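Number of protein chains: 2
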Amino acid sequence: MAEHITPASLAANNANRRYSFFHEDDSLPLPFRAKLADYARSGYDRGHQVPAADAKWSQEAMDSTFVLTNMCPQVGDGFNRDYWAHFEEFCRELVYSGKYPSVRIVTGPLYLPKKDPVDQKWRVSYEVIGNPPNVAVPTHFYKVIYGEDAVESPVGRVALGAFVLPNAPIANQKSLRDFEVPLEAIERASGMTFADKLPLERRKRLCEEVKCEILVREFDKAKQQASVRAGNAKQGAVVGPSPDRSGVPSPITRGGPPTSEQKGFWG
Amino acid sequence: MAEHITPASLAANNANRRYSFFHEDDSLPLPFRAKLADYARSGYDRGHQVPAADAKWSQEAMDSTFVLTNMCPQVGDGFNRDYWAHFEEFCRELVYSGKYPSVRIVTGPLYLPKKDPVDQKWRVSYEVIGNPPNVAVPTHFYKVIYGEDAVESPVGRVALGAFVLPNAPIANQKSLRDFEVPLEAIERASGMTFADKLPLERRKRLCEEVKCEILVREFDKAKQQASVRAGNAKQGAVVGPSPDRSGVPSPITRGGPPTSEQKGFWG
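So the protein sequences, as listed, match chains P and V.
The first sequence maps to residues 90 to 356 in my numbering.
The second sequence maps to residues 90 to 356 in my numbering.
Just so you know, the hints here were simulated from the structure itself, not pulled from any lab data.
Small disclaimer: the values here were computed from a predicted structure and weren't measured.
Each hint should be verified, as a subset may be incorrect.
Any copy, or any two copies together, can satisfy a pair, since identical chains are not distinguished.
As a list, the in silico DSSO-like pairs of lysine-lysine whose alpha-carbon atoms are at most 27 angstroms apart [claimed, not checked]:
#: 1; residue 1: K204; residue 2: K124
#: 2; residue 1: K210; residue 2: K124
#: 3; residue 1: K124; residue 2: K286
#: 4; residue 1: K204; residue 2: K263
#: 5; residue 1: K263; residue 2: K188
#: 6; residue 1: K293; residue 2: K188
#: 7; residue 1: K204; residue 2: K300
#: 8; residue 1: K204; residue 2: K286
In isolation and in its complexed conformation, chain P is listed as follows (with noise of 0.2 angstroms):
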């Protein structure tokens, strides 16, 4: 799922997502559909790929967020509801922090394989789920992240970052670099192609731009877990962070030097 934003098109408080159902993709044929049963009593949350928080600009637009052609399963606690939630906020810092007038961000599962211990032999494992097993769970998520310096330009320079990060529990304290991969690896693994056509001579890369560090904001945590004991988060609903973001520095102009070295992607 790819998606643009912008410092307009985020600035724009036009839809409430407390109007917005998750549905069924009625484009699609029934038997290659991801139905709403199939989430219930899963254990894992409807994740949105393009976030709601990205689309206030228009109600139509936050409607469409809500399709489960734009969800995953989503590990709930530790990850969808925190880490996830907090590096798409860095995504939106990118815009807000007036770092980039233009951000284009592309954001898919992944299934990636792993070494068995036992045998040495690399397998790719996962749930489905529904009854019947219907909608697989993803072992991994990336996203690209395309800034740009200059919006429509065919000239100037874009940074990009690319990350996978596991679809389960990741703590607050780690850096978004330890999740940072090269894009060819989600290339190979995902087999689509995300720069082909911007050269290399454009091309930055976004963590030397930016400190690659999540934000972590308490007091939205236990404003979620309000809204959640109200009733209105229950069973897999995406809580974005809050929208007011008055006296919160930006990760980009905040937090440490860069972690450790990138680590190997597979496994």
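Starting from the structure of chain P, add chain V where the hints point.
Relative to chain P, chain V alone:
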């Protein structure tokens, strides 16, 4: 992979598999391409989807069946070199027997979930061969078979057969009927539709028209083993049945009554 066989295409003998070589598909970008090295020492055969033996009508056609995009890693003994090869012969017999003047076959890999006996969850799990891991080992293979009463007829009836076999050794005693599934099951599992444009009134069920049993010719097996010993079929080459068919009864007119009821598809 789809193919079309007719009495004329099978009667021609203009190709020899000794002149055909397994080769990578240069039309695919390198990161997405199966490599010859991926299969080396993997323990799996390079298993043809469209069989080489169906392409004897021209050397070029046969050569093209040796491209790695026509291959999947298949278990050799008991499957690719045995039951699966007999199944391929069953398909040719639909033509040889004179029952159908035109047979179309679609063959491909599947990755099916299994219910975990411990936690009762459905999971897909499969090996990936190559170093780094590059080629997925399917859990199952399907064939959709269309036996046409007439060639290129817009009104003729079509006998449909849909089969799913595990990528594992299968005893030759096993009835092919045990692997028959509703076409919809393959559609759901593969994400493709196979008979949208064929009205219901033109459809028949293949296994009601012919005995869905494989034919095992033990003298072929002896020949294959001699060939392997002679070094002609080492390391994953697909050894097809002998072209010498003299005195062999047709599996379509032979065999006992259908065995047990069609089994559940999943798991």
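The hints, checked one at a time:
no. : hint        : in the structure
1   : K204 x K124 : between (32 angstroms within a copy, 20 angstroms between copies)
2   : K210 x K124 : between (34 angstroms within a copy, 18 angstroms between copies)
3   : K124 x K286 : between (36 angstroms within a copy, 26 angstroms between copies)
4   : K204 x K263 : within (23 angstroms within a copy, 34 angstroms between copies)
5   : K263 x K188 : within (23 angstroms within a copy, 66 angstroms between copies)
6   : K293 x K188 : within (14 angstroms within a copy, 64 angstroms between copies)
7   : K204 x K300 : neither (32 angstroms within a copy, 44 angstroms between copies)
8   : K204 x K286 : neither (34 angstroms within a copy, 44 angstroms between copies)
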